[in-house]
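Asks: Listed in order, the protein sequences are those of chains A and B. Read left to right, the first sequence gives residues 1 to 379 (our numbering). Read left to right, the second sequence gives residues 380 to 758 (our numbering).
Keep in mind the hints are simulated off the structure, nothing from the lab. C-beta atoms are modelled at their ideal positions from N, C-alpha and C, and glycine is treated no differently. Any given hint might turn out to be false.
[To be verified] To give an idea of the chain B side of the interface with chain A (calculated C-beta under 7 Å), a few residues:
{"id": "1", "residue": "S587"}
{"id": "2", "residue": "P603"}
{"id": "3", "residue": "E637"}
The chain contents come next:
2 protein chains.
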Amino acid sequence: MTDSMPPDAAPPEAATPAPRPYSPGLEGVVAAETALGYVDGAAGRLLYRGYRIGDLVERGTYPAVANLLWTGEWEPHHHLPTAAVPDAVLTTLRALPSTAKPMDALRTAVSVWGATQKLEWPPTPEQARALTAFSPSALAAFARIRQGLEPIEPDPDLDLVPGFLYQLNGTPADAGTARALDAYFVVGAEHGLNASTFTARVITSTRSDIASAVAGAIGALKGPLHGGAPTEVVEQIHTVGSPERAEAWVRETIARGERLMGFGHRVYRAYDPRAKALRQVAESMDHKPDWLALAIAVEDVALRVLAELHPDRPLKTNVEFYAAPVLQGVGLTPDLFPATFALARHAGWTAHVLEQAASNRIIRPDANYTGPAERDLPA
Amino acid sequence: MTDSMPPDAAPPEAATPAPRPYSPGLEGVVAAETALGYVDGAAGRLLYRGYRIGDLVERGTYPAVANLLWTGEWEPHHHLPTAAVPDAVLTTLRALPSTAKPMDALRTAVSVWGATQKLEWPPTPEQARALTAFSPSALAAFARIRQGLEPIEPDPDLDLVPGFLYQLNGTPADAGTARALDAYFVVGAEHGLNASTFTARVITSTRSDIASAVAGAIGALKGPLHGGAPTEVVEQIHTVGSPERAEAWVRETIARGERLMGFGHRVYRAYDPRAKALRQVAESMDHKPDWLALAIAVEDVALRVLAELHPDRPLKTNVEFYAAPVLQGVGLTPDLFPATFALARHAGWTAHVLEQAASNRIIRPDANYTGPAERDLPA
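Please construct the entire structure, taking both the sequences and the accompanying hints into account.
Replies: What follows is the structure, given as structure tokens:
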């Protein structure tokens with residue numbers, strides 16, 4: 001009993017305690033140690049296990065990068081085909097409404113997959129590999145089923161990204177298209193402790209299984225504050241129409257006070273290294289598709305105009321600026337963009353699951369209670 | 380390519396930074412403010428919106444308590460029947476292997492349910508109500524389907540807990556059985572910021588939907604570090620066999636250095652208020668089942684012997700000690716215990732979803748990078 005307490009106060013233990021310092025959004029709180037991804041926003045660097053994202057895009061493929069994240073070993077020719085979809089998953093995907101969001105379908109497919117597997121603790125690179133190889137087949141199956149088409153079996157000779165495109169379209173992708181989407185998968189594979197990756201680590205920290213962790217992560221990525229809005233970039237570039245119209249369009253858009261989509265990023269103050277890597281892949285193509293040539297033209301004009309108007313702090317291109325045209329260019333409909341991002345991020349999520357499990361401690365923060373003090377129920 | 384692009388040579392900031400203070404497991408970090416549940420381990424108090432858990436069990440039902448958590452209003456006769464299971468969910472549950480874990484089936488059912496609903500942002504009490512009413516029907520359906528039985532339609536006249544028992548067993552439960560399980564649902568409804576509730580809040584913080592949040596929370600609760608092991612309590616009490624054997628069994632177990640299941644808790648130093656509330660319900664029953672009389676006898680002996688052997692800090696009964704016999708007593712098989720706990724926790728999870736959404740900020744902690752410094756890929 002303290003002096004400041006009124007005489008008729010409840011006993012000391014009945015009072016709720018003084019609030020402790022609160023960290024909204026856990027901003028600046030270090031919740032994990034990771035050897036996987038390093039995001040250096042000031043310098044525009046993104047490293048996976050120390051390797052620069054640009055080098056990984058140039059010399060690797062998504063299976064090699066995923067394997068690097070899981071095992072720490074760099075095997076540039078690592079092969080990972082897509083995996084077959086269990087019957088229970090196909091039955092479920094056929095039962096979903098054709099209007100279901102692809103992210104809901106993917107989250108569900110991962111959950112059903114988990115229910116059909118023996119996923120012993122601790123999670124293993126083999127589990128990570130199996131789940132990462134399963135999901136592209138499942139998403140492709142849903143994309144076909146909702147159009148009334150039959151799903152296509154995996155081709156074991158194809159690597160993960162061309163395999164996904166084959167199962168989506170029913171025909172092999174040309175090399176340039178597959179290369180562009182593979183580059184997108186590599187730059188999307190891992191990005192430190194964002195909300196979805198953190199979700200996967202929290203779930204894993206209870207010693208739950210890898211499918212539970214990834215289903216939770218997909219649910220988190222589904223939120224528009226996390227998954228972003230690449231669709232709008234596509235719409236803007238589509239509006240421009242041709243390279244010679246780019247300068248007038250950029251100036252008019254800014255003059256109207258509208259936002260240029262695909263520029264500026266919360267973390268990256270310098271040029272987003274993922275955008276840079278995707279542009280380099282685009283520029284190295286023998287036969288650049290028209291949409292890519294247009295995107296490059298729009299970017300050049302936009303960067304020049306933004307630097308002219310805001311010389312002290314010009315906005316830089318972010319990853320979505322190139323992600324969107326790449327995704328559309330390879331034939332994906334915009335409503336598949338978020339789920340395709342989720343496929344790419346499987347490598348990072350599952351690598352964080354392995355890392356969390358390897359030195360695990362349950363993640364269980366505190367809360368300040370701000371509700372009513374102890375009271376009686378109304379009579 | 381622009382002037383402002385970083386040069387290829389590594390700039391000074393290319394070194395990775397000194398690690399910042401790290402909070403393993405986020406222990407002691409305040410990640411949320413909540414007016415829902417207050418856990419006072421020192422005094423053995425658990426409050427929902429200020430009301431003592433014992434009072435809520437005595438005077439309310441699970442629907443009234445869930446409604447209190449969602450809305451802040453105390454309506455002791457609030458009615459909430461179980462809801463129908465959409466066809467897509469039934470098709471999925473039929474497609475799962477009969478050996479699938481009930482937690483995997485429940486996580487999947489919630490995911491499919493989400494894919495069939497229009498879940499606009501922000502989440503609403505109506506969404507919380509609909510999901511909380513759906514899941515018992517889905518779990519009961521899976522429990523029957525895996526035995527080769529047909530699922531049973533909800534009875535709109537029954538409240539949620541007797542409705543669940545009816546859909547599970549095909550016959551109405553007697554009043555005492557329904558009352559015991561309802562009390563279990565009330566004490567399991569909410570418990571502050573544990574790992575599964577935190578998962579639901581992280582997913583919601585991206586502006587994702589309530590089904591994504593609850594599917595993630597189920598995945599987290601599935602982990603044995605979180606969901607606990609009520610099955611072992613059942614086995615121990617079963618081993619005792621009859622009240623007169625209790626004392627000898629307790630002394631022999633402790634003498635062998637084995638653990639008494641259902642005693643001791645990380646947070647509660649005093650008697651777990653949830654165990655106390657469940658015992659009170661049990662003791663007030665007109666016709667106490669044998670298993671409950673046995674549990675009470677074992678507890679009395681165990682508390683006396685533990686106080687005799689460790690007078691400075693005797694272990695106190697925890698919620699699992701009564702949860703387990705209640706769950707078994709109402710006819711649930713042990714492999715349904717974790718999923719039934721998840722059903723009870725739906726009220727708290729969804730209330731936290733509403734609370735997070737009402738003053739949202741994306742939950743995105745930092746990580747210390749502990750991997751290799753920037754390096755070249757091997758030649």
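Asks: Take the hints in turn and mark each one as holding or not.
Replies: Cross-check of the supplied hints:
1. S587: Holds - the Cβ of B:S587 comes within 7 Å of chain A, reaching about 4 Å at its closest.
2. P603: B:P603 check passes; min Cβ-Cβ to chain A is 5 Å, inside 7 Å.
3. E637: violated (23 Å)
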